[in-house]
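**Student:** With chain A fixed as given, assemble chain B onto it according to the hints.
Residue-level listing of the chains:
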Amino acid sequence: MNPELLFFLETVIGGLMAGVMYALVALGFVLIFKASGIFNFAQGVMCLFAALALYDFMAPGGWVDRWFGFTFPVWAAIALTIVVMIILAWVIERFVLQYLVQQEPIILFMATIGLAYVLEGVGDILFGSDVKPLDIGLPQGASDWLLDNFNLYVEKLEVVAAVTAAVLVTVLAVFFQRTRIGRALRAVADDHQAALSVGISLRTIWVIVWSVSGIVALVAGIMWGSKSGVQFSLSLIALKALPVLILGGFTSVPGAIVGGLIIGVGEKIAEVYLGPLVGGAIENWFAYMLALAFLLFRPQGLFGERIIERV
Amino acid sequence: MPDPEPAPNGALLRVNNIEVIYDHVILVLKGVSLEVPEEGVVALLGANGAGKSTTLKSISNLLGAERGVVTKGSITYQNENVHGLSPNELVNRGVVQVMEGRHCFEHLTVEENLLTGAYTRRDGRAAIQRDVELVYDYFPRLKERRKSQAGYTSGGEQQMLAVGRALMARPSLILLDEASMGLAPQLVEEIYDIVKKLNEKEKVTFLLAEQNTNMALRYSKYGYILENGRVVMDGNAASLLDNEDVKEFYLGVSGEERKSFRDVKHYRRRKRWLA
Chain A
1196 MNPELLFFLE TVIGGLMAGV MYALVALGFV LIFKASGIFN FAQGVMCLFA
1246 ALALYDFMAP GGWVDRWFGF TFPVWAAIAL TIVVMIILAW VIERFVLQYL
1296 VQQEPIILFM ATIGLAYVLE GVGDILFGSD VKPLDIGLPQ GASDWLLDNF
1346 NLYVEKLEVV AAVTAAVLVT VLAVFFQRTR IGRALRAVAD DHQAALSVGI
1396 SLRTIWVIVW SVSGIVALVA GIMWGSKSGV QFSLSLIALK ALPVLILGGF
1446 TSVPGAIVGG LIIGVGEKIA EVYLGPLVGG AIENWFAYML ALAFLLFRPQ
1496 GLFGERIIER V
Chain B
28 MPDPEPAPNG ALLRVNNIEV IYDHVILVLK GVSLEVPEEG VVALLGANGA
78 GKSTTLKSIS NLLGAERGVV TKGSITYQNE NVHGLSPNEL VNRGVVQVME
128 GRHCFEHLTV EENLLTGAYT RRDGRAAIQR DVELVYDYFP RLKERRKSQA
178 GYTSGGEQQM LAVGRALMAR PSLILLDEAS MGLAPQLVEE IYDIVKKLNE
228 KEKVTFLLAE QNTNMALRYS KYGYILENGR VVMDGNAASL LDNEDVKEFY
278 LGVSGEERKS FRDVKHYRRR KRWLA
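Line order of the protein sequences matches chains A and B. Mapping of the first sequence onto this note's numbering: position 188 corresponds to residue 1383, and the numbering continues sequentially without gaps. Mapping of the second sequence onto this note's numbering: position 87 corresponds to residue 114, and the numbering continues sequentially without gaps.
Chain B with its partners taken away, still in its complex shape:
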């Protein structure tokens, strides 16, 4: 396996071998480790239930509300242990999660949603207003809808709003969970283009959890593949896209003949990285 690209500014976030248990019994993560370099875009890939969202929620500590607990391992951000900090303390330090399913505040207007994103900031109304305009620059559609209640905007607009709202906290790291869910491919492309721009211009680091492997790898520099709560593979985005197994199991392209569903068990066992 190729070594990770040497990170230019060192790792912003390090997750070391964490284990997560829900409701005291359900073991969801069985030792996940990953690194996100400063100003990087890293993709966390895997099928449904692999543990992508749980990994993100352990980092932003939104697990507690779902009765999940990180029982082993450590999480460091800017070389400090952040495991167990409250979500609002983490937002304060610049870690913001955009949750799967968008989760806008339905009865608040688009603009109020953005202002709520700046809840933890103390740098005054003028600075916050400037950032509202900045978000509108990136997402002109939101500006058109600024006065409508978020619940009445379209799915794409809500996803943009969720990302915009996260930006309002002036984060250094955005944990973006399944931004492509339920959106038209073109819209997904649009949103990831903006993610790329935000990364380049605003220097925001991204950790993307995605099922859409192809899309996520095209927009990120490094990727981890999760399976059953474990990292089974990682590498540069380009090398992952090239990898025979990734092609076969996640991208749905394969040089070999079509496989019958009956062979799935056998087929699964042929994964080289599990051997």
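Bound-form chain A, shown alone:
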């Protein structure tokens, strides 16, 4: 194959794969935003927290090892971490959200900022702030098959991430569109009071939605942790998810994926082909510029719910 074309393809695939990783983080935001209208600033920290907990359950020298003298196998550690995330969701509802029903979105948003710092602090105290290599047995390195047959360099881990994301999105889409709870989640997102009036318990719904987004955070945490180790800068990927959300729409699960892919590919291509023209290093801000353009012309994003205005 033409080496230039090959290089282009590699850039695009690399971008797509990076995009999937962003999308996984963005997904957690979308869930909570969809169901409660809250922009959860703590989503990135939740990814970090989940990864830290998971690491601790299986690593020698963690709490479990020190107290009980053994560590859990990967599957048990994942199951336990899911339980931890559900408990976390319950705690958040019990001690934060419950008191903020029917408040302005900005107040809820500020509460999640506080939550982010609390969670980060607790994570630091419990698990320490050193970088931890997370290895749950996901394949590492380049795919030999693609390298041999097409001369393409693609990370296996990123392929796994892509497949996982696809499965996750399908499951979530079915959950939101077809189930009773999913419908109730969307109803709550539309109108808290009306949801109360038909007998939906906001507290239950919020625990459910925060649990689900905690589990999504765990998946994102696993992928990012396997890729670059579990470290506190993980909580900052939340910032990268923001342009993804603006592009895809805050309320659309498929939008989070497509937005992630566009951002991923866009920033790689921009870096490679536009970067040299302006002295490079545009990968870091390209996503935000793209988001800005979207805010000007299509504020609800590509797939966001149309802002309904009756005339």
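Note that these hints are calculated values from the structure, not bench results. Treat the hints with care, as some may be off.
Listed next, the in silico SDA-like pairs over lysine to any residue satisfying Cα-Cα at most 20 angstroms (straight line) [claimed, not checked]:
| # | chain 1 | residue 1 | chain 2 | residue 2 |
| --- | --- | --- | --- | --- |
| 1 | B | K174 | A | A1368 |
| 2 | B | K174 | A | T1374 |
| 3 | B | K174 | A | V1369 |
| 4 | B | K174 | A | R1381 |
| 5 | B | K174 | A | Q1372 |
| 6 | B | K174 | A | G1377 |
| 7 | B | K174 | A | R1375 |
| 8 | B | K174 | A | F1498 |
| 9 | B | K99 | B | R41 |
| 10 | B | K174 | B | E138 |
| 11 | B | K174 | A | R1373 |
| 12 | B | K174 | A | F1371 |
This one's a predicted model, so the numbers in the text were calculated from it and none came from an experiment.
**Tutor:** Same frame as chain A, but now just chain B:
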């Protein structure tokens, strides 16, 4: 004042002397008592800010979300104290409020709105689907719009949807708040006709909060008039419609000469029931 018509099946709902305070300081209800007989239609009348919505919300316990608290009195439903039960428990027991301003789920389709109304039910998909069809029988317009997002339907359709959604919970008591708000008179008439039918055929009891006194009294059997958080008058719908004061202050018909706005204070003081 004439005695209430003897209720055929006893009172379904009793509100005894409740007092409601918003935000710890604003006293909105100052002792409201009322009774709703089983399978009755009772109207709660009064001007803006009289406390109609607050009364309904104290019954359905949607007050909490607005920082309101029932500080005195009691509310019994089917002879059980229901004061302080969560809204979803009340819906479970058959008390559903249709809120003022309709409050449909805008981004859900009409049909999804109806299905959400059945959220608390556990009797299976088939039964719920039957009731969706039942609602469509009463509101054929909703059937035409079943696939459109509720936010794009007209005000009248949204009001019908709100009532239909409440029906989906199989309620015994619907608290209908200001169904006439912002609707053309003909549409209001249409909606109240259906309320009447639902009362007769589905045996649903209604407590209507209305500013449109004339309309509400024509469709109900008994009425209470609220003023400044107190019940100032109650009686059979027919007797209220006949009452000189109600005519004068709420129906806008009066045998006497036109009154100047300057005399309003004096004019207000002439209410016989406040004397």
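**Student:** Work down the list of hints and note, for each, if the structure agrees.
**Tutor:** Right, here's what the structure says about each hint:
1. K174(B) - A1368(A): holds, 18 angstroms
2. K174(B) - T1374(A): With a Cα-Cα distance of about 17 angstroms, the restraint between K174(B) and T1374(A) holds, given a limit of 20 angstroms.
3. K174(B) - V1369(A): holds, 18 angstroms
4. K174(B) - R1381(A): holds, 16 angstroms
5. K174(B) - Q1372(A): holds, 14 angstroms
6. K174(B) - G1377(A): Holds, at roughly 18 angstroms.
7. K174(B) - R1375(A): This hinted pair holds, its Cα atoms lying about 17 angstroms apart.
8. K174(B) - F1498(A): Between K174(B) and F1498(A) the Cα gap is close to 19 angstroms, so the pair holds against 20 angstroms.
9. K99(B) - R41(B): With a Cα-Cα distance of about 14 angstroms, the restraint between K99(B) and R41(B) holds, given a limit of 20 angstroms.
10. K174(B) - E138(B): holds, 7 angstroms
11. K174(B) - R1373(A): holds, 15 angstroms
12. K174(B) - F1371(A): With Cα atoms ~17 angstroms apart, K174(B) and F1371(A) stay inside 20 angstroms; holds.
In this structure, every one of the numbered hints holds.
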